[in-house]
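Residue numbers (the numbering used here), protein chains in the order written: chain L, 49 to 297; chain C, 49 to 297.
Just to be clear, a hint being listed does not mean it is correct.
Copies of the same chain are indistinguishable here, so a pair counts whether it falls within one copy or spans any two.
[As the list claims (entries may be wrong)] Below, simulated SDA-like cross-link-like pairs (lysine to any residue); rule was C-alpha separation at most 20 Å, straight line:
(1) LYS125 x ARG232
(2) LYS285 x GLY208
(3) LYS226 x LEU123
(4) LYS279 x ARG79
(5) LYS172 x GLY66
(6) LYS125 x LYS235
(7) LYS291 x ALA159
(8) LYS235 x GLN138
(9) LYS229 x PRO290
(10) LYS235 x ALA245
(11) LYS235 x GLY120
(12) LYS229 x ARG289
(13) LYS178 x LEU134
(14) LYS125 x LEU84
(15) LYS291 x VAL141
(16) LYS50 x ASN80
(17) LYS229 x LEU213
(18) LYS291 x ARG142
(19) LYS172 x ARG232
(20) LYS50 x GLU85
(21) LYS172 x ARG243
(22) LYS192 x PHE296
(23) LYS285 x ARG237
(24) LYS50 x ARG273
(25) LYS226 x ARG289
(26) LYS50 x ARG81
The set of hints was computed from the structure by calculation and includes no laboratory data.
Number of protein chains: 2
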Amino acid sequence: MKRVEIFGLAGIGEVGAGDPIGKLIVDACSRNRVVLEPDDVLVIAQKIVSKSEGRLLPLDGVLVSDNARELGRELDKDPALVELILSESQRIVRRGGRTMIVETHHGFVCANAGVDCSNVGLGKAALLPKDPDGSARKIRAEIKELVGVSPAIIISDSFGRAWRLGTVDVAVGIAGLKPIKDERGTKDRYGYELRAAVTAIADEIASAAELVMRKKEALPVVVVRGCEIEKEEGSVKDLLRPKTEDLFR
Amino acid sequence: MKRVEIFGLAGIGEVGAGDPIGKLIVDACSRNRVVLEPDDVLVIAQKIVSKSEGRLLPLDGVLVSDNARELGRELDKDPALVELILSESQRIVRRGGRTMIVETHHGFVCANAGVDCSNVGLGKAALLPKDPDGSARKIRAEIKELVGVSPAIIISDSFGRAWRLGTVDVAVGIAGLKPIKDERGTKDRYGYELRAAVTAIADEIASAAELVMRKKEALPVVVVRGCEIEKEEGSVKDLLRPKTEDLFR
């Protein structure tokens with residue numbers, strides 16, 4: 049019987065700037081008696097990657113522009129936080145209430161450019177990694193170097209949706225798997241040619257991992273075992289809808 | 049170690065109008081030697097529920113309006129399919145290319161009102177269940193009646209996203225679990241009060257199940273075991289963003 053298993057690696061602990069995430073994961077695997085397999089997917093919470101890359105900033109050190117100050121007033125948000133969000137954004141897609149939906153420099157359309165003050169210490173904000181695919185590739189290479197196995201890596205973050213409440217975790221960085229499963233052009237068992245059968249499998253894996261990760265229990269690394277994945281270098285860019293096809297930008 | 053397991057129930061087979069999904073699931077559990085547990089979540093592909101409820105229509109029996117004919121020409125879609133989509137919709141939210149994003153009578157904002165011609169037989173289309181929460185409650189009651197256990201039920205479908213490519217499975221009907229985990233107002237381990245910590249756990253479970261379900265392998269019922277869920281009657285309506293908070297309608 050086909051079975052997918054999802055379990056967290058306990059004991060990763062606090063991550064600081066410069067800490068090698070790959071080594072932390074390998075150590076946690078030893079402690080948890082987990083032997084990584086080549087077809088495993090390791091889902092890693094964005095926040096520990098950001099911490100290890102020094103992407104944690106004290107809000108009181110942010111130079112606030114007049115624009116950010118005004119927007120902060122309008123949105124009832126800390127102007128230093130707004131300044132960080134603007135610095136991480138190509139442009140604002142929508143704003144309303146206390147919400148700012150932006151397009152980040154990476155091309156993600158999300159609330160607050162992924163800048164987040166939770167689980168990072170009071171008065172601080174975590175920014176998304178600058179090059180999340182690069183971060184994922186680096187972690188994958190570290191693990192390969194240490195244990196000779198290259199599981200796929202997904203760096204995940206919690207994104208809202210336009211028409212549904214609550215966040216779901218999605219991939220923001222990828223290494224070692226094809227994030228999209230494209231079955232267009234194949235036929236179903238009745239002979240009907242599938243036209244829209246493109247599945248964002250990396251996002252589904254990130255969401256599945258979140259069921260174990262849960263925000264406050266400090267399980268920032270989760271193993272997803274038993275998925276059928278297609279191995280390739282992979283990039284989160286394959287999950288971003290091109291502007292030309294976007295009906296809601 | 050906390051572990052979530054996801055496995056499919058093989059051998060459900062073809063579902064026809066009037067077939068009792070609850071009994072089919074109980075029989076498949078016996079054959080697969082699966083003993084359902086009260087904290088299990090059963091994720092059921094929308095299509096078999098629609099089939100059992102007779103929501104499968106032959107396209108050549110659809111009376112096509114002038115409006116549907118014109119839209120069909122514009123979108124390069126079968127006008128009978130467009131007619132069905134319109135009949136399932138409160139309104140069109142956006143259209144462009146071959147895409148119609150609508151708001152269904154249930155309140156879902158999705159492509160084609162969930163009307164789908166794949167895996168249902170040539171020349172036919174499946175509509176979403178009329179009352180998917182009701183369908184989920186009915187299946188849950190059938191299972192309870194037969195084996196005395198009431199797992200939570202999620203009826204799932206594949207929805208696209210505004211800014212990301214590929215579909216992910218989400219909940220379209222719910223019975224027996226709270227679909228949203230709301231941690232707003234609680235504090236993280238640094239004492240920071242969480243403001244946006246609302247997780248669409250039912251959608252994450254639906255996405256996790258899709259990793260096992262996979263379209264063409266005929267595993268339309270999947271057991272998700274080991275999730276922390278909050279039990280309540282539940283409704284998919286709790287996952288729908290109210291119009292007043294919607295920035296993209």
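Notebook entry, point to check: Honestly, which of those hints from before does the structure not fit?
Noted result: Result: hints 3, 4, 8, 11, 14, 22, 23 break, sorted rising.
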